[in-house]
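**Student:** Here are the chains, one letter per residue:
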Amino acid sequence: MSKNMIMAGLVVFVLAVLSPFWLNLITSTQAAPEPELLGKAAKVKKCVLDKYEMRAEHMYLLDVWRDSVVRDAARKYTGTNGETFNMSLSTGENSCLGCHEDKAKFCDSCHDYASVSPYCWECHTNPKEIE
Amino acid sequence: MNQRYLIPLTAVFLLFLLAYAGVEGLGLQVVFGVLIPYLAIAAFVIGFVIKVKGWAASAVPFRIPTTCGQQKSLPWIKQNTIDNPSTSTGVFVRMLLEIFAFRSLFRNTKAAFNRNASNKLTYSFEIFLWVGALAFHYAFLVVLLRHFRFFTAPVPEVIQTLEYLDGIIQVGLPGLFISGPVLLLATLFLLSRRIFDAKVSYISQAADYFPLFLIIGIAATGIAMRYFTKVDIIGIKEMTMGLVTFHPHIPEEVGGLFYGHLFLVCILFAYFPISKLMHMGGVFLSPTRNMANNTRAQRHINPWNYDVPIHTYEQYEDHFRDKMIEAGLPVDKKE
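As they're listed, the protein sequences go chains A and B.
Counting in the UniProt record's numbering, the first sequence runs from 1 upward without gaps.
Counting in the UniProt record's numbering, the second sequence runs from 1 upward without gaps.
Fair warning: there could be bad hints in the mix.
What the hints assert, rightly or not - Covered stretches of chain B, as calculated for chain A (at least 3 residues, CB under 8 Å):
#1 25–32
#2 68–82
#3 119–126
#4 141–154
What the hints assert, rightly or not - With a straight-line cut-off of 27 Å between C-alpha atoms, the simulated DSSO-like cross-links for lysine-lysine are:
#5 A:Lys45 with B:Lys230
#6 A:Lys3 with B:Lys333
#7 A:Lys43 with A:Lys76
#8 A:Lys3 with B:Lys199
#9 A:Lys103 with A:Lys51
#10 A:Lys105 with A:Lys45
#11 A:Lys3 with A:Lys103
#12 A:Lys76 with A:Lys3
#13 A:Lys76 with B:Lys230
#14 A:Lys43 with A:Lys103
#15 B:Lys323 with B:Lys199
#16 A:Lys128 with A:Lys105
#17 A:Lys51 with B:Lys230
#18 A:Lys3 with B:Lys230
#19 B:Lys323 with B:Lys334
#20 A:Lys51 with A:Lys40
#21 B:Lys53 with B:Lys276
#22 A:Lys76 with A:Lys40
#23 B:Lys51 with A:Lys103
#24 B:Lys53 with A:Lys46
#25 B:Lys276 with B:Lys110
#26 B:Lys230 with A:Lys105
#27 B:Lys276 with B:Lys51
#28 A:Lys3 with A:Lys46
#29 A:Lys46 with A:Lys103
#30 A:Lys3 with A:Lys40
#31 B:Lys110 with B:Lys120
Simulated from the structure, these hints should not be mistaken for laboratory data.
Note that the Cβ used here is the ideal one computed from N, Cα and C, for glycine as well.
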């Protein structure tokens, strides 16, 4: 192979490896979402789990809840703080979205940032959208 | 038990523990989360460039393509244009298949003595190295590309499509990415080959085991973080975005497991240019694959040839003409 070809390949490779650096330089980078508690959640301030546990584990919890509700019809969940919650994503006052009222700010901001597209909303609806 | 794999195995364990203990015990988040990643990427890029430039500067004195089929010959003999290419198009196709389909591994055979009374040496088709290598390389590629979601915001459409396809079986939450377990199982298979196959074990050195254990460690910690003990993804993405935009940020509540994963990745990057893993660049430069077998049609001159003072027949005759004529020997020029 000729030296020019090798050097061209090498340049392409180095550019590809360093792409995260220059891509963020030439495009505007989306800032990390600032999670904020709104509406009822801001007043009550008692979630199912602790803050960081909730951030990391909520998807697992929702999966366990889904199985528990669908297979065992068990709908009550008692959190680590002794509070009892309704195992539901979007139905009723005592559900996830019953307390965290703004789906766009509560769910979507972080999911979009981390490129996560959960399939929750293929079956569930945002209660706000129905009204 | 064999020290050729025990030492690399221990080394990978210790490296992981170093990062884990450094972060959990000593609070060295800045060292393992900022300093070492920058050093590793610098070592990777500089080392890679030095290696490839060294190879580019080496002369390739001979046409030495491996010929794996009928060469170009008389018009009525069918040439194998891919396995014995005589044109650059043929070479291009051959390289493409080698790089994307690992064709030379597909030809792998195994030699063994027959189990019956004849006890003859026979060669048989051995496809599993090829299957394992394909599974490993493609799974690793997908895993690597998927990680671009931590280095771009907003995440490009291509990466999202890749994530969608990788997670298409929709098992569990967070959804299973097929590439993860495939990567782990394929590396474990390639490792077990080296350990249990006596003929492969015999030629395996520490430098063969170390990258395998390293990648197994990376895959295992990555899978653990996604499916078992969860981590705060937004915190981690803030950190990785901080790295690529040169505004380092250390997230709270991200534990030693993540830093262990990151440190093993850094070790892999820094170790890459000085190891056998450089076959990533080397496969393109392998003279037995990237040359056309056209030595009978074209004259290739060794670039190492220097001018050798030679004494031609004309010079010889000029020198001895008188004596040759005197002795009655035939000469080209009578003068």
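**Student:** CA of B:Lys276 to CA of B:Lys51, is that 27 Å or under?
**Tutor:** Distance ~12 Å between B:Lys276 and B:Lys51 Cα, so the pair holds.
**Student:** Given the hinted pair A:Lys103 and A:Lys51, is their alpha-carbon gap at most 27 Å?
**Tutor:** With a Cα-Cα distance of about 18 Å, the restraint between A:Lys103 and A:Lys51 holds, given a limit of 27 Å.
**Student:** Taken at face value, is the distance from the CA of B:Lys230 to the CA of A:Lys51 at most 27 Å?
**Tutor:** holds, 13 Å
**Student:** Counting residues of the segment 25–32 of chain B with a beta carbon closer than 8 Å to any beta carbon of chain A, are there 3 or more?
**Tutor:** It is violated, with 0 qualifying residues against the three required.
**Student:** Quick check: do three or more residues in the segment 119–126 of chain B have a beta carbon closer than 8 Å to a beta carbon of chain A?
**Tutor:** n = 0 at 8 Å, threshold three: violated.
**Student:** Given the hinted pair A:Lys3 and B:Lys333, is their Cα-Cα distance within 27 Å?
**Tutor:** violated, 48 Å
**Student:** Does A:Lys46 lie within 27 Å of A:Lys3 when you go C-alpha to C-alpha?
**Tutor:** violated, 66 Å
**Student:** Below or equal to 27 Å on CA atoms is what counts here, so check A:Lys3 against B:Lys230.
**Tutor:** It is violated: about 48 Å lies between the C-alpha atoms, which goes past 27 Å.
**Student:** Under the criterion that the straight-line Cα-Cα distance not exceed 27 Å, is the pair B:Lys230, A:Lys105 satisfied?
**Tutor:** Distance of about 22 Å is within 27 Å: holds.
**Student:** What's the verdict on B:Lys53 and B:Lys276, does the C-alpha distance respect the 27 Å limit or exceed it?
**Tutor:** holds, 17 Å
**Student:** Regarding the pair A:Lys43 and A:Lys76, is the alpha-carbon distance no greater than 27 Å?
**Tutor:** holds, 22 Å
**Student:** The segment 141–154 of chain B covered by chain A? Criterion: 3 or more residues, Cβ-Cβ distance below 8 Å.
**Tutor:** holds (count 6)
Hint compliance for this structure: hints 1, 2, 3, 6, 8, 11, 12, 15, 18, 23, 24, 28, 30 are broken, all remaining hints hold.
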